[in-house]
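Sequences and hints are given; from them, build the entire structure.
Last residue of the sequence shown: number 552 in the UniProt record's numbering, and the count goes up by one each step with no gaps.
When the alpha-carbon atoms are kept at most 20 Å apart in a straight line, the in silico PhoX-like pairs for lysine-lysine are as follows:
{"id": "1", "residue 1": "Lys-77", "residue 2": "Lys-124"}
{"id": "2", "residue 1": "Lys-60", "residue 2": "Lys-77"}
{"id": "3", "residue 1": "Lys-124", "residue 2": "Lys-71"}
{"id": "4", "residue 1": "Lys-36", "residue 2": "Lys-26"}
{"id": "5", "residue 1": "Lys-26", "residue 2": "Lys-16"}
{"id": "6", "residue 1": "Lys-56", "residue 2": "Lys-77"}
{"id": "7", "residue 1": "Lys-60", "residue 2": "Lys-71"}
{"id": "8", "residue 1": "Lys-17", "residue 2": "Lys-194"}
{"id": "9", "residue 1": "Lys-194", "residue 2": "Lys-16"}
Restraint ranges, calculated between C-beta atoms of paired labels, are given here:
{"id": "10", "residue 1": "Lys-37", "residue 2": "Asp-520", "range": "13 to 23 Å"}
{"id": "11", "residue 1": "Lys-36", "residue 2": "Arg-403", "range": "41 to 51 Å"}
{"id": "12", "residue 1": "Cys-459", "residue 2": "Pro-392", "range": "14 to 24 Å"}
{"id": "13", "residue 1": "Trp-412", "residue 2": "Lys-77", "range": "55 to 65 Å"}
What the hints contain is simulated information worked out from the structure, not anything from laboratory work.
Given the structure is predicted, the values throughout are model-derived calculations rather than measurements.
We put the beta carbon where it would ideally sit given N, CA and C, even for glycine.
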Amino acid sequence: MGGLTFEQWQLLATQKKVERRAKIPKEWRIPRSLVKKWEEAESVIEFPATSGFFTKRELKITGATASDVVKNVAAGKWSAVEVTRAVCKRAAVAQQLVNCLTEICFEDALIRARELDEHFAAGKPLGPLHGLPISLKDQFNIPGLDTTLGYTSRVPSLPAYPSHLVASLLSSGAIIYAKTNIPTTILSGETSNKIFGTTLHPLNRSWTPGGSSGGESALVAFGGSHLGVGTDIGGSIRHPCLLTGLYGLRPSHGRIPMRGVEATMRGQEAVRSVAGPMCRSAADVRLFMASVLSSKPWIRDTQCLPIPWRIEEEHLPPVLCFGFATCDGDAAPTPPHRRAMDLVRKKLTAAGHVCIDFTPVEMPAARDVIDAFFNADGGAEFRSDLSASNEPFPAWLSSPTKRPALTVSETWEAQAERDRVAEDWLDRWNATEIVSSTGRPMDALISPGFHFPAIRHGCAKASNYAAIGAVLDLSTGVFPVTKVCPERDRVDHRDDDWTPMFDGDGEVMENYGGPEEYKDAPVGLQIMGRRLEEEKVTAMMGLISDVVGVDY
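Set out below in structure tokens:
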């Protein structure tokens, strides 16, 4: 494949898009009359409910949570075929409006759904995910479908075997129907590549749905998936979920199988990529985690820890202590995130829980560490994958690829710094026992997961808030709280008497601009526990959902 000309790699990309288009059934293609009506619309989030293109039954099915789907299928109220057809149709429309899919296998999904219905008619559900369509980020191998990672040099790249997680989901009764878009290199906060193009945010198509799992976030937010699977090495599940108003979980490495998952930076083990759910409720996070772990993935994946889903760890103390981050070590939260944290803090306090301030001073150091590891080879792998087809470098990638590779001793020092950051974090976490009034350290830290509630295309930035969870391998979830309101999220830095509290406040607030630009954008928060506390973090997300709700 090496040495392709400019015209040749463009032709490969065009062919892939033509193939994708051909897999959308004609009856699911948006009529010209509707295309004309919606082509200039910034927001397409209301298309399913207002266009008349979907039946009331289809809207009910696709508007449900994943937990609702498996319950209704298990009760015989919905068939797997009915659910799959509705989801595939909505996913097809999502693709036409926000460009979120890479690989489509609707026909295979419907065949699988019929088989599951026959199995159910003869006895009982196949497993805990029986009849649930699940979408996957385009890193997961499925025989018969390409896994390009956004590189034209990987067209074609048909795998012989499925990723172990795919096999686990299928054995639990799930239905795979599509893979979703990712950025070139999988390390960008903007989901765009030369094969499939740029994915758009369904709430406002001038915004990005985040990255690198932005295809998943756009699809789930539009209603074309009840539950998608993303990956996260530096925020790639959390950022997209926060930007689109979803629930998500970055589990600690070793809980969810990664065998057979394609990735960049192959062999880089200082900060590990993990897979996790992107969905519409905390209950759906639990459904995914408990279902996957019920298949005992550690039997077939050497990196998986032999830890089943521990129901006893979900039993929370009657009084919890939540830390609230006052900054990210460089800058204070922007007004929408301050308001979201105030709202959550007040409601948790009213419910009898303890809330304390915690300043995460280690966050900037964690960001430096993760940057060092991501650029340890000086961009050699990126250059190799791109040059294999003469594909031009993305503009955002030019800086990392000009850095010199780390020497062995520099790599060791970066790893030692990671361990120092982890030890400092753990010591300060444990020291909160003195002020928690519960007789133990804080149970979780709540913070923004990102500075901004929305990002326009081409403006994605990394975040201190996300780096710490990845570097320290902490069980970290995200959840929606409210949406941007210009009247309530006024901009402090425009006041003559405004004084920055932290060194980075000026830059962050200038980039934030004002709430008018982000009107109605989802505002979510991040919740971090200790390492390998997925059960507890998921339970706390459920508690916050019950106590706080979503202020929309």
